[in-house]
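Peer 1: Order-wise, the sequence lines are chains A and B.
The numbers in the first sequence follow our numbering, run straight up by one, and end at 150.
The numbers in the second sequence follow our numbering, run straight up by one, and end at 730.
Treat the hints as calculated values from the structure; they're not laboratory data.
Computed from a prediction, not measured in an experiment: that's the story for all the values here.
Keep in mind that the hints are not guaranteed to be accurate.
Stated by the list, open to error - In the DSSO-like style, the derived pairs of lysine-lysine whose C-alpha atoms are separated by at most 27 Å in a straight line are:
| # | chain 1 | residue 1 | chain 2 | residue 2 |
| --- | --- | --- | --- | --- |
| 1 | A | K68 | B | K218 |
| 2 | A | K128 | B | K209 |
| 3 | B | K429 | A | K68 |
So the chains spell out like this:
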Amino acid sequence: MALIDIAGREIPADDRVPLALEELPEGQGLAVLLPAGTLAEEVAPLLPRLALVVVEFPKFRDGRGFTLGRALRERHGFTGDIRAAGHVIPDQLALLRQCGFSSIATPAEHPPAQWQGLKDPTQRQLLQRLLGGEGVARAQA
Amino acid sequence: MGSTITANRLTDGVVVWHDGQRGWTTDRAEAALLEGEALDGLLARVRRDDQQLAVDIRGVEIEDGVPAEYRERLRAQGPSVRGDLLRKGHDWAEGPFPPPPSRSHSSPHAGIYRYDEADREFLRQRAAQFGNQVERRLKGELNEEEFKPLRLMNGLYLQLHGYMLRVAIPYGVLSSTQLRQMAYIARHYDRGYGHFTTRQNIQFNWPRLTDTPEILRLLAEADIHGIQTSGNCVRNVTTDQYAGAAADEVVDPRLYAEILRQYSTDHPEFTYLPRKFKIAITGSEQDRAAIRVHDIGLIARRNPAGEVGFELHAGGGLGRTPIIATKLRDWLPAQDLLRYVEAVLRVYNALGRRDNIYKARIKILIRETGAEEFRRMVEAEFAALPADYALLTDDLLAAVGARFEEPPFQALPEAAPAFDAALAQLPGFSDWVARNTHPHRVPGYISATVTLKPAGGIPGDATAEEMELIAGLSEQYSFGELRVSHEQNLILPHVEKEALPVLYAALRKAGLADANAGLVTNIIACPGMDYCALATARAIPVAQRLSERFAAREAEIGPLDLNISGCINACGQHHIGHIGLLGVNRNGEEVYQITLGGASDEQAAIGGIIGPAVPSEDVPDAIGKIVDAYVARRTEGERFIDTYRRLGAAPFKEAVYGAH
């Protein structure tokens with residue numbers, strides 16, 4: 010499965026195998042796989058040891074991952090890679106970016122080419138303009 | 071016996087059948103009758119191969135040459151309540167069309183949120199984005215499962231006869247130009263009419279998928295859109311139809327409704343919620359927005375210092391599991407509104423059920439976690455967000471507030487001699503004023519309701535010509551401003567009392583002066599099985615029979631809310647009608663459950679079922695017996711709902727079902 014960055018550009022494959030939370034060994038720079046329904050609080054204590062968090066989307070309609078990504082990035086200050094995996098579609102790229110995701114493992118039916126050049130007005134929320142760079146706009150930072 | 075294979079054509083939604091060999095046909099006579107392996111084999115093949123041609127492909131059982139299910143027979147011929155449309159074919163008007171009204175009209179004084187170019191550009195980009203999504207669907211880059219939520223988030227459904235486009239009328243406020251633009255869409259891209267819904271939207275029943283991006287682009291030129299009128303996201307924020315006009319209003323809710331609209335539009339975190347999410351807000355103690363049956367309900371108030379805040383309710387709703395909302399906060403300072411709403415949505419998005427769509431609404435989450443625990447989680451989430459998070463500062467409120475221009479009201483004299491004279495002399499006028507108007511905050515003005523509920527009519531439907539006529543009257547008499555109520559009526563909010571007799575005469579001439587707001591004939595009804603793919607019964611014919619039956623007695627009966635839903639999803643809000651009717655299919659027969667005692671106001675209540683369901687054709691008699699029982703027992707001036715509250719259901723049960 011091809012990887013893209015959050016601008017939709019293809020990036021080199023990643024041979025790290027993310028492990029389940031409960032299988033995580035000692036050490037630093039680890040990669041973890043979070044199934045849908047994982048709460049940010051369950052992961053928070055481990056964040057200092059993680060370099061990559063893979064958030065699974067079982068169906069693109071299942072939006073729990075958006076809350077998880079955003080909570081890890083904003084509430085818990087995670088600075089490593091947050092990757093969306095599973096069933097996500099190109100139309101969600103801007104939402105993923107705004108929720109703190111930094112890479113995407115694209116599903117086979119939506120290869121990297123489909124993620125490029127989409128004109129996406131969702132990059133600029135109406136309220137972001139209203140709040141003048143505060144509040145919701147912070148998610149963009 | 072046997073089955074035919076049916077579907078809706080992808081590009082335009084037209085009902086098609088498979089002929090067994092060459093492919094899809096719009097002529098049911100050419101449909102192949104299949105059984106057993108032949109049926110299964112062809113179904114599997116077209117489901118695999120025809121994804122880019124047809125949607126919702128399935129087999130339909132045939133008996134005696136026609137579909138066994140009534141729904142499928144309706145699908146074959148069109149809505150039973152629009153004989154004029156039957157077998158009219160699938161011809162859409164072909165352009166070029168005249169320039170749209172947005173080119174020549176501007177409604178400069180209407181109290182809509184005034185778009186600037188950036189707001190408008192956003193809508194244009196959204197329309198273009200949807201155009202791209204439609205192209206990708208037609209090419210096969212998006213399959214129907216993926217495309218469906220995207221089209222729903224732009225208001226496009228697939229219903230019984232084809233596509234249906236739901237367009238938002240944000241918090242029920244619209245300008246005459248916007249109404250003219252809707253009439254234009256109805257005339258050129260649909261079949262000449264629209265349907266106003268209980269949630270301050272309008273629905274077009276016959277758009278082509280391939281026309282929808284152009285329709286949305288045209289709507290954008292009039293600052294209107296279909297964004298988030300469907301889908302599992304925050305829907306159109308609704309409010310009191312007299313917002314900003316009513317004499318009894320404490321806080322103008324339009325400001326906060328608009329801020330919530332901007333907040334929730336394309337919210338990155340909350341666009342794929344477990345289920346839909348509806349917010350309603352009232353700024354008056356008399357709740358005309360049914361806030362207690364919404365996912366979040368807000369009552370805007372002022373504290374003794376004059377500051378605005380909200381009483382916040384959550385977890386109300388109708389549908390399969392009707393629940394009156396839980397109060398989460400007695401007082402939420404206005405500046406923290408978005409921060410608190412975000413906390414509620416975040417808890418819901420993380421924990422709301424996703425295993426069963428019937429249990430996915432926030433009301434179920436609150437019921438399952440318990441109100442106390444839910445409140446604790448929301449407050450914890452609220453506390454964890456920065457104190458200045460999405461803060462609604464005075465400057466921000468002033469900036470958004472300035473977009474709502476105050477109409478140039480005149481300082482009118484106390485006396486209104488023409489109005490007073492008409493009350494005494496003009497036939498029907500005093501009744502119409504008593505029922506169809508509401509006191510205005512500015513002396514000398516009044517709000518007037520144009521009910522879309524003529525006896526025997528389709529509740530909430532308006533033709534393009536009616537829309538244009540009412541738009542014209544609003545320009546003449548109400549600063550070009552209109553409202554849509556959750557009772558599916560149109561309102562001219564700012565009419566000079568002295569001009570009311572002339573307005574009344576004009577409405578009367580157009581057949582739009584029924585004096586039935588708040589009465590038994592002002593029936594709320596969903597489109598039912600005549601249009602809707604989910605419905606199990608036809609709600610419209612029942613509404614038509616009831617309004618015909620009671621038109622002559624409506625004044626004698628007095629205030630009474632009668633609501634009809636064509637299925638358990640309760641779009642007709644039967645649970646909160648003083649009398650509610652729920653249509654269900656019992657072995658192929660349409661029957662109606664009767665509930666009594668529901669209310670949507672500050673004494674909101676869910677109605678109780680009084681007994682076994684009655685056949686559709688017996689509904690008028692059953693309601694007649696209930697009404698007679700009320701009239702016989704009421705005290706002087708007592709409303710139906712108050713008699714019901716005083717006596718309970720027993721006398722009404724006895725009236726309908728007898729003493730045993």
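Peer 1: Would you pick out the hints that fail for this structure and give their numbers low to high?
Peer 2: Those not satisfied: there are none.
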